[in-house]
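Next come the chains, spelled out residue by residue.
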Amino acid sequence: MTWGLLAEFAGPAELVSAAERLRDGGYTRWDAHTPFPVHGLDAAMGIRPTRLPWLVLGAGICGCGGGLLMQWWMNAVAYPLIVSGKPFNSLPASIPVAFELTILLASLTAFGAMMVANGLPRFRHPLFASREFLRATTDAFFIAVEAADPKFDLEATEAALRALGASRVVRVEGDA
Amino acid sequence: MAVATLERPSRDNTSSDPARRAPLVLAGNDYASVTEKVCRIVEVRKPPRAWTLAFTIAASFTGILGLMVLYLITTGVGVWGLNKPVSWGFDITNFVFWVGIGHAGTLISAILYLFRQQWRTGINRFAEAMTIFAVICALLFPGIHVGRIWFEYWIAPLPNQMSMWPNFRSPLLWDFFAVGTYFTVSLVFWYMGLIPDIATIRDRATTKARRIAYGLLAMGWRGSNRHWHRYERAYLLLAALATPLVLSVHSVVSFDFATSMLPGWHATIFPPYFVAGAIFGGFAMVLMLAVPCRQWFGVKDVITPRHLENMCKIVLATGMMVGYAYAIEFFIAWYSGNPVEGFVFINRAFGPYAWAYWTMVFCNVATPQVFWSRRARSNPWVIFAVAVFVNIGMWFERFVIIVTTLSRDFLPSSWNSYTPTWVEVLTLMGSFGLFFTLFLLFLRFLPMIAMAEVKAIMPAPHGEAHR
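Same order as they appear, the protein sequences are chains W and V. The first sequence begins at 1 in our numbering and counts up by one. The second sequence begins at 1 in our numbering and counts up by one.
If you are wondering where the hints come from, they were derived from the structure by calculation, not from laboratory data. Every residue, glycine too, gets a C-beta built ideally from N, C-alpha and C. Do not rely on the hints blindly, as some may be mistaken.
Stretches of chain W that chain V covers, calculated by requiring three or more beta carbons in the stretch to come under 8 Å of a beta carbon on chain V [claimed, not checked]: (1) 85-93; (2) 103-113.
Selected chain W positions facing chain V (Cβ under 7 Å, derived; list incomplete) [as the list claims (entries may be wrong)]: (3) T50; (4) V56; (5) V97; (6) P121; (7) R122.
The task is simple: from the sequences and hints, build the whole structure.
Structure follows, in structure tokens:
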């Protein structure tokens with residue numbers, strides 16, 4: 001079964017202009033594959049900004065609040081220990097640990113949420129079966145259109161990709 | 001190919017002509033040749049002779065470290081030269097030294113990223129690796145100096161059979177959280193940066209074992225732009241989070257001293273002074289690693305003279321901040337009118353540890369001054385020599401702070417001197433062995449240059465820069 005079409009473009013500039021026209025052509029289930037993040041490609045593909053920063057903000061607030069709560073409970077409630085007559089619940093002394101936990105939770109969320117939202121790790125994908133695709137992490141710039149796209153038509157899409165300036169278009173077999 | 005490199009075919013890109021952007025990748029490299037140069041280092045069947053030799057030496061010292069730690073644990077902390085009043089010596093000196101080394105890596109990967117310093121891409125990968133390995137060495141020392149290491153878990157806020165909880169008003173506990181967070185976040189940041197480059201190695205793999213090993217590490221990365229979009233945002237967030245983190249870590253380390261009552265430690269200048277010193281020492285270590293690495297592994301086109309020169313300038317600037325802090329410490333000791341405080345500083349400069357103090361001043365304040373000269377900044381031998389001096393100086397800085405204060409505090413009847421035992425000396429040397437062993441393994445098995453990031457700052461084919 002055909003998974004989709006893989007079209008190679010000469011460079012980042014060609015890829016961006018092709019992506020713009022593919023987006024305007026109404027395709028939805030397609031992606032660009034590049035060895036490095038290409039500037040301007042997000043807008044050209046019509047990718048909406050990720051909500052990741054809000055998740056990270058939430059995680060940071062949880063880390064800070066949780067850190068303060070933990071220190072208050074452990075040192076003022078569960079095990080009040082007299083040290084130099086200092087108050088059991090002392091905010092200034094709690095700041096370093098609360099700060100570190102803010103950073104820790106926010107950072108782990110930034111990485112974890114990015115991976116989950118990207119559907120990674122994923123070790124099996126039809127594109128990995130394509131020999132041409134091996135160069136996507138070195139110096140090749142690809143656009144992949146999935147057969148699952150409502151506008152997909154094997155001949156018409158292939159012709160459209162060639163018209164956008166693809167140097168070659170190959171079929172990718174497999175199940176998504 | 002690249003227009004910029006055609007204009008200036010020489011391998012010197014240190015010109016600071018503001019009208020032209022100096023190329024950061026030299027000698028007409030393109031995307032494929034950068035990949036080839038970096039990947040070849042981990043793909044060759046036999047590593048360079050220098051690598052094998054260095055690895056043999058480093059691994060032997062790691063073995064010595066293992067034996068010393070075993071001896072310490074089985075016998076007790078009495079095998080070290082510590083006693084009252086000097087209860088911190090080589091152990092905490094080494095801890096602060098190694099944590100400080102790590103700071104340059106985070107500065108390069110996070111702070112220079114936020115400031116859009118594109119030259120960071122050539123050096124950030126191995127500087128971050130240096131951070132991870134330095135923090136591993138650092139964590140070892142507080143871990144083993146507690147004596148009965150099987151009670152180590154008492155420091156963590158874990159429910160236990162004693163119904164006891166740690167005392168969060170202690171800076172030593174803040175330190176545990178700060179360094180622990182620093183290690184975790186640095187590791188995540190480093191690994192995330194590695195994912196696209198490991199995918200490159202996976203896609204070039206010729207054997208099944210490599211395909212599986214690098215395939216697992218790459219987590220199925222396929223360069224999708226929908227993924228890159230979230231990846232770049234997460235990378236920016238991590239940089240923004242790591243920036244205050246790195247400043248906090250050495251500040252918290254300095255709290256271990258500054259919140260105590262001891263003369264010479266109880267000073268508000270400590271947090272910025274420690275952070276500047278950490279960046280200073282860390283950049284010296286990056287230079288010490290970068291100079292031989294670019295030579296042995298043939299990556300001079302990517303780690304260019306400009307990269308070295310920029311780092312030399314940072315060493316010069318932070319070195320003078322450290323020199324300023326030394327001067328201000330003396331000024332405040334006098335200005336405070338506190339006789340004990342004043343005595344501690346006179347004793348540092350002219351007492352029994354004066355040799356250590358003046359070694360520190362010479363290495364940290366005097367030697368970096370050669371970097372005022374452009375010729376010195378472009379001579380790898382000079383750079384390497386200064387970097388070695390700075391590393392020695394920064395180790396002595398921590399030694400001076402810790403030992404001079406502890407050996408002679410308020411009460412002359414409690415004064416005592418401190419001499420390290422052979423176990424402490426070999427443990428210090430062993431920690432360098434561990435650091436270099438890990439670093440050499442990294443060079444052999446992981447891409448030492450962030451290929452995807454370097455490609456993103458290269459002029460695109462057809463001479464049009466897209467960034």
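Here is how each hint holds up against the structure:
| no. | hint | in the structure |
| --- | --- | --- |
| 1 | 85-93 | holds (count 3) |
| 2 | 103-113 | holds (count 8) |
| 3 | T50 | holds (5 Å) |
| 4 | V56 | holds (5 Å) |
| 5 | V97 | holds (5 Å) |
| 6 | P121 | holds (4 Å) |
| 7 | R122 | holds (4 Å) |
Of the numbered hints given earlier, the model fails none.
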